[in-house]
Amino acid sequence: MPITIEEVLNRGFTAWTKNLKISVPFILSVIIIGIIWIAYMFLFIAAVVPSVAPLMADPVMDDIIEAITPHIVYLGGGFAILLIISSLIEVFFTAGAVGMAKDVALTGRTSYEEMINSGKKHFFNLFLFQILFYLIMLAGVVFVIPGILQVGDLTNIDAIMQNLLVLGAGFLLWIIYGIAVSIILAVSYYALVVNDLGPIQALKTGYRFFLNNKAAVVILWLLTIVVVVALNSLGTLFASFEYLSIIWSIISTVLSIVVIPAVFTLWWTFLYMGKTGQDVRDPKKIDEPEISEPESTE
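For reference, each letter of the sequence shown is one residue, going 1 to 298 in this note's numbering.
All the pointers check out, no bait thrown in.
With a Cα cut of at most 27 Å, we get these calculated DSSO-like pairs of lysine-lysine:
{"hint": "1", "residue 1": "K18", "residue 2": "K120"}
{"hint": "2", "residue 1": "K121", "residue 2": "K18"}
{"hint": "3", "residue 1": "K275", "residue 2": "K285"}
{"hint": "4", "residue 1": "K21", "residue 2": "K275"}
{"hint": "5", "residue 1": "K21", "residue 2": "K284"}
{"hint": "6", "residue 1": "K121", "residue 2": "K204"}
{"hint": "7", "residue 1": "K214", "residue 2": "K204"}
{"hint": "8", "residue 1": "K18", "residue 2": "K284"}
{"hint": "9", "residue 1": "K275", "residue 2": "K121"}
In short, the hints are calculated from the structure, not lab data.
Could you build all of it, start to finish, from the sequences and the hints given here?
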């Protein structure tokens with residue numbers, strides 16, 4: 001019998017409490033990417049300072065800009081390369097986390113070895129799928145093009161204001177399109193790892209899964225939005241209280257890195273596996289001792 005959304009939520013959260021190590025991929029991803037970007041920033045500063053430092057005694061903005069300009073190309077190139085590296089690191093650990101979630105669904109337990117193996121096996125296909133996903137999202141720009149063509153000169157404020165309704169409608173349709181795509185393809189990331197699919201296969205599988213499980217996918221997607229909105233709302237609420245704001249920023253950071261990504265990875269993986277006839281073990285029953293019938297003495 002296919003798993004229900006209630007069982008997905010209950011089993012997923014319970015599985016996380018019994019397998020806290022599934023949070024490790026997300027922690028490592030944030031730490032490694034953070035270190036890389038900080039190192040890049042320091043390297044850029046170290047490269048620019050010798051050119052700018054002599055000008056600081058009598059700073060003239062034009063001179064400072066002229067001194068920095070030769071480094072802009074390297075800054076842009078380095079920025080682009082780091083974006084690609086960061087994306088590869090992120091998808092490596094995401095693939096590792098989904099592999100761990102699959103392990104938990106099948107056996108109730110997982111390991112760091114599974115994180116490494118799954119990351120190595122699936123990260124490139126997941127990276128290609130991510131590019132494909134962004135291209136599909138970018139296709140929504142067609143909704144904005146009519147408004148842009150009607151404006152003509154985008155530097156003309158009066159023309160923009162006169163066609164603001166058309167432009168606004170175009171951007172609104174793009175947003176709606178983006179939301180629809182993100183819902184329809186929500187499980188594609190997880191299907192790619194769970195079933196060892198290529199990017200195109202994952203795209204098709206995610207689409208077919210949505211058609212057969214619309215309610216469950218929409219509910220879990222909405223739950224994701226609710227959690228994000230709740231975190232932001234509480235942050236706004238505590239912003240006016242100095243100490244509460246500091247405490248909440250720490251709590252929300254921990255939740256955003258350690259808890260939420262891991263739990264949602266389990267939920268989406270369990271949903272996909274459970275609805276496609278694959279085994280999803282109930283973590284509450286894993287540690288229960290088997291009750292054997294007493295042997296007959298006759």
